[in-house]
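Asker: Each chain, written out:
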Amino acid sequence: MTLVSIQAGRAPLADFNRWTNSQIASYKSKIERNVPIAKKASWIAHPVQKEAIQNSADAIETASDDKWCVIFEMDDNLPPRYMTITDQGTCGLTGKAVVSKEELDRLQKGKPEYYQKERWAKFEALSYPNIDPIGRGSRGQGKWVFIGASEDKTIFYDTLRKDGVYRLGAWLGENQLLQMPPEGANAEILLKKKFPYVNPLKKVGTRVIIVNPKKELREGFLPFFKSPLSAYIGETWWELLKSGKEILIKWRGKTVKVESPSYYSDDYIKKEARETWSVKDVSLEWSRNPKARVKELVIVYSKEIIPEEFRGIAIQRGGMKICHFDIRTGNPSIKTEIAESMYGWITLNEEAERELREIEDPTHYDFGAYVGTFGYHVFGKSGWLAQEVRKFAEQKLGLGSESKKPDRLDIIVANKLNRFVNKYNLGLPLGRTSPPGPGTSSGPRTRKKIRIKMPKPSFPREETRRVEFGERVQNIKFSVINDSEVSRKVKLSLLLKTASRKVQERILKKFIDDETIVVHNKSESATFGPYTVIFDKKKFAAGTYAIEAEIALLEGDIHDDQFGKAVIVDQDRELIYLDEEPPTGKGLFEFLHRIAFKEEKELQFRVKEKEGKMRIQINILHPAYKHNEELDDLLEKKNLYVQSKLHRPLLDYEIGIGAEAIAQYDVKKEAKLVEENKEEFILQRAEDKKAFFVEAIEQSSRIAQRIRYEVL
Amino acid sequence: MAIIWKTSEGEKEYVTPSGWPLTKEARELAEKFDKILTKKMKEVKKKLRKQGYFKMEPSLSKYHLLGKELQFLDDLELLSKCDPDHENIWRALYDYAPKLAPRKMPSSEERTVGKRNFFLNSYRLGQLSQETLEKMGTWSNWQDVYMVFAGNPKLWEDWERILSWILKMSDKNGKIDRIKLREALKVVRKAVGKRAKVKRDTTVLTETELYELLDVKVKS
Chain A
1 MTLVSIQAGR APLADFNRWT NSQIASYKSK IERNVPIAKK ASWIAHPVQK EAIQNSADAI
61 ETASDDKWCV IFEMDDNLPP RYMTITDQGT CGLTGKAVVS KEELDRLQKG KPEYYQKERW
121 AKFEALSYPN IDPIGRGSRG QGKWVFIGAS EDKTIFYDTL RKDGVYRLGA WLGENQLLQM
181 PPEGANAEIL LKKKFPYVNP LKKVGTRVII VNPKKELREG FLPFFKSPLS AYIGETWWEL
241 LKSGKEILIK WRGKTVKVES PSYYSDDYIK KEARETWSVK DVSLEWSRNP KARVKELVIV
301 YSKEIIPEEF RGIAIQRGGM KICHFDIRTG NPSIKTEIAE SMYGWITLNE EAERELREIE
361 DPTHYDFGAY VGTFGYHVFG KSGWLAQEVR KFAEQKLGLG SESKKPDRLD IIVANKLNRF
421 VNKYNLGLPL GRTSPPGPGT SSGPRTRKKI RIKMPKPSFP REETRRVEFG ERVQNIKFSV
481 INDSEVSRKV KLSLLLKTAS RKVQERILKK FIDDETIVVH NKSESATFGP YTVIFDKKKF
541 AAGTYAIEAE IALLEGDIHD DQFGKAVIVD QDRELIYLDE EPPTGKGLFE FLHRIAFKEE
601 KELQFRVKEK EGKMRIQINI LHPAYKHNEE LDDLLEKKNL YVQSKLHRPL LDYEIGIGAE
661 AIAQYDVKKE AKLVEENKEE FILQRAEDKK AFFVEAIEQS SRIAQRIRYE VL
Chain B
713 MAIIWKTSEG EKEYVTPSGW PLTKEARELA EKFDKILTKK MKEVKKKLRK QGYFKMEPSL
773 SKYHLLGKEL QFLDDLELLS KCDPDHENIW RALYDYAPKL APRKMPSSEE RTVGKRNFFL
833 NSYRLGQLSQ ETLEKMGTWS NWQDVYMVFA GNPKLWEDWE RILSWILKMS DKNGKIDRIK
893 LREALKVVRK AVGKRAKVKR DTTVLTETEL YELLDVKVKS
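So the sequences go chain by chain: A and B.
The opening residue of the first sequence carries number 1 in this note's numbering; numbering runs sequentially from there.
The opening residue of the second sequence carries number 713 in this note's numbering; numbering runs sequentially from there.
No wet-lab data here; the hints were simulated from the structure.
Quantities reported herein were computed from a predicted structural model and do not represent experimental measurements.
Built from N, CA and C at the ideal position, the CB exists for glycine as well.
Keep in mind that a hint or two might mislead.
If you want the footprint, here are the derived chain A segments under chain B, 3+ residues with CB under 8 Å [said to hold, decoys possible]:
{"#": "1", "segment": "530 to 539"}
{"#": "2", "segment": "565 to 577"}
Only part of the chain A face toward chain B is listed, based on derived beta-carbon distances under 7 Å [said to hold, decoys possible]:
{"#": "3", "residue": "331"}
{"#": "4", "residue": "498"}
{"#": "5", "residue": "508"}
{"#": "6", "residue": "509"}
{"#": "7", "residue": "552"}
{"#": "8", "residue": "554"}
{"#": "9", "residue": "558"}
{"#": "10", "residue": "561"}
Assemble the whole structure, with the sequences as input and the hints as a guide.
Answerer: Next comes the structure, spelled out in structure tokens:
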């Protein structure tokens, strides 16, 4: 038997090793990002099972006498010499053993039904797509996982077809493909020669033999009765398993039948669900394919915390989990502790699955969701699924509507606007037209003689004190200034504490614990720090925290209330908001709301007044808003805010609206910002007893907003 | 870091110290602690039964007995891993030994540990020596004292010295005089209570300095 190197398929392999390694690396990075269940030690078992079962499920022969089944089996030796994946109840690798590239191309274009039957050739070739719209696999990439899972980059595969043909093929590393795969007795002889303990197939189906499996694959089998491989199969193929399909794992004469995880069973949901949300056969309203529909969406809010690997909504295609949809996508108001108890699944009809396949990553672990795509429409931040989750949260869990919870961006805008209005002393209660009298500003604060100097630490994002899990607050520094005439001996402490009103105050970390120092008169002590806090998800719950510094005097007359011994002369704190929004700063603007205007759809915003405060409502249905939102989303996906420090279009948009609101407010009320002919302006305005002037300003603004609605 | 509370439906609720997330490890540890605490509280009940606790009328000395037994919590190694600052344990004790409390858990205790938590109150009482207990005399005297400390938990850091001063100030023939006690407590509140005009860290003062500070406040 001769082994000949051939260039198969459309993409010739310039460097087989590099090609295989790069394929495996892309699987690995996707798994690290999207598949929490995959353990580092056995990660490769995850794509192996996914690709193997996918290939097999695509070849199910409904007319077969054998029940469909996939068996994963490892050689008894440790380390194993090989591992096999065998299926039955399928059509096997049909088609001729050798089909030229030209012929495959011709069939794909002209005779798709014949093209689909050339399974053997497609399995051996590179990059031939599965053109079946409901097929699970799509690009013929799966075999690279099997090759990559072998230390020798070597796999054998044999198939028994219902016409009785038995054939054996192989990829033998370094671009060596068995050019004339033996059939019948020759195939049996070669198999026995290579694998004395492996028998030829007895039932119609296919088998892949991964030679010298990598450690990460064999670790997937052990411990055998609680193997990671079984968990991976359950997580990926729960839908098939639930429908009664059989997948087995075998080793040393023992067999384990893979079960669907309990979370997907009706019994579990009945017993453990606090609330559920179920939607069946609804349109996705995807304009490019109106037939695309959701077959079923189920969201469960469980009584217990759901393991990370099952959290979120499993996005299913062809019975296979592609990835999960984070519950908090587009719904940040759902608290982490609630999201941790939520899971579910979404299945799609054929048309919608076809759309999903278009944007699916070749690894089948992710899909693109850029603006304008099906992925964005269904799974984007404001997409169909996020809206369903929101409905569930609002209607069943009683959580506040998203529009009522200020987004971080809205808080930043409100704070920026408040800084401006406070600078110009704007902000008397609306309705009063006289400028504020003296003393409305707080005036300069007298500095303490002995005080703490604690600059604002470095937050991950300069504009907000909000911190996400895994992020850190750095540069926590602290010194003591003594402006008094005598040296002072002080005790200092710098602590990290909980600072939420809802929970008991508790010290979590002591940066400086009762340290004694002497600070000379008219001087500053040495600086303590810089310290860092990493907000690890395993150590911190979402909430408000404070870095608190305190100094107490250790000398002095005990009866002296200012500089006496034991007097706590200064305290300072820096607040940190972990996984929650900081409150808006004080000022004329209370908050900004983004809501969908049901009436006056053509307006971009409204200003509401309540107790002397301004509340700006921004219409999210206005085209000007939508344009900015899309751009904002795109830049965020490209990570350009972080990399290029670009301005956020939505922030600029909201600031623009805020600026207009301030201008209108000032012109109507205080006229502090009017610069030209100010006195004459105020005089004329006072004479306008019918408020025609005020009306004209509002009309002008509304007209401009309507024009934008129509033009954009 | 978590311990188990039981909901009114009898379901387990895993409660972490403030700021701590609930992790799988924390839950497993809480389960372990649950077993230990169940055993320990059984022992406490057995011991108290022998001392006649369940037949005694409600009194200061009865709850002092309980408080003394509860001191075992300080030495419980696993508690320091599950509830290091003794935040949540007091509410949990209602689940483990409800019969030790004079009445059912008040609804105010269902979701949180309040200042008036019976087990916390008894635990603090159990820290008093027999002599101090005798001087204290009645449960209501103890409640007045306890509430001053509960109002400013920082005072617990220096409770022994401050209590000594209170007892000294309210002493009348070896017993506490209620009027004197109330005056002394007023002074403590004014000098080092939560709403004191000047905040002080009394732990840096010597005993003489502390008492001098409080004495002067009496005069003023």
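Asker: None of the hints should be skipped; say for each whether it holds.
Answerer: Hint-by-hint comparison with the structure:
Only residues whose beta carbon comes within less than 8 Å of a beta carbon in chain B count, and the segment 530 to 539 of chain A has 3; three or more means the coverage holds. Figure legend: the segment 565 to 577 of chain A, annotated as covered by chain B; annotation consistent (5 residues with Cβ-Cβ distances under 8 Å, at least 3 required). About 20 Å separates the beta-carbon of residue 331 of chain A from the nearest beta-carbon of chain B, more than 7 Å, and the hint is not met. Taking 7 Å as the C-beta contact cut-off toward chain B, the hint placing residue 498 of chain A at the interface holds, the least distance being around 4 Å.
Checking residue 508 of chain A against chain B: minimum C-beta separation of about 5 Å stays under 7 Å; hint holds. Hint on residue 509 of chain A is violated. Least Cβ distance to chain B is approximately 10 Å, over the 7 Å limit. Interface restraint check for residue 552 of chain A: the shortest CB-CB distance to chain B comes to about 4 Å, inside 7 Å, so the restraint holds. The criterion of a C-beta within 7 Å of any C-beta in chain B is met by residue 554 of chain A, whose closest approach is roughly 6 Å, and the hint holds.
Residue-level restraint check for residue 558 of chain A holds (minimum Cβ-Cβ distance to chain B is 5 Å; threshold 7 Å). Interface restraint check for residue 561 of chain A: the shortest CB-CB distance to chain B comes to about 4 Å, inside 7 Å, so the restraint holds.
The structure is inconsistent with the numbered hints 3, 6, although it conforms to all the rest.
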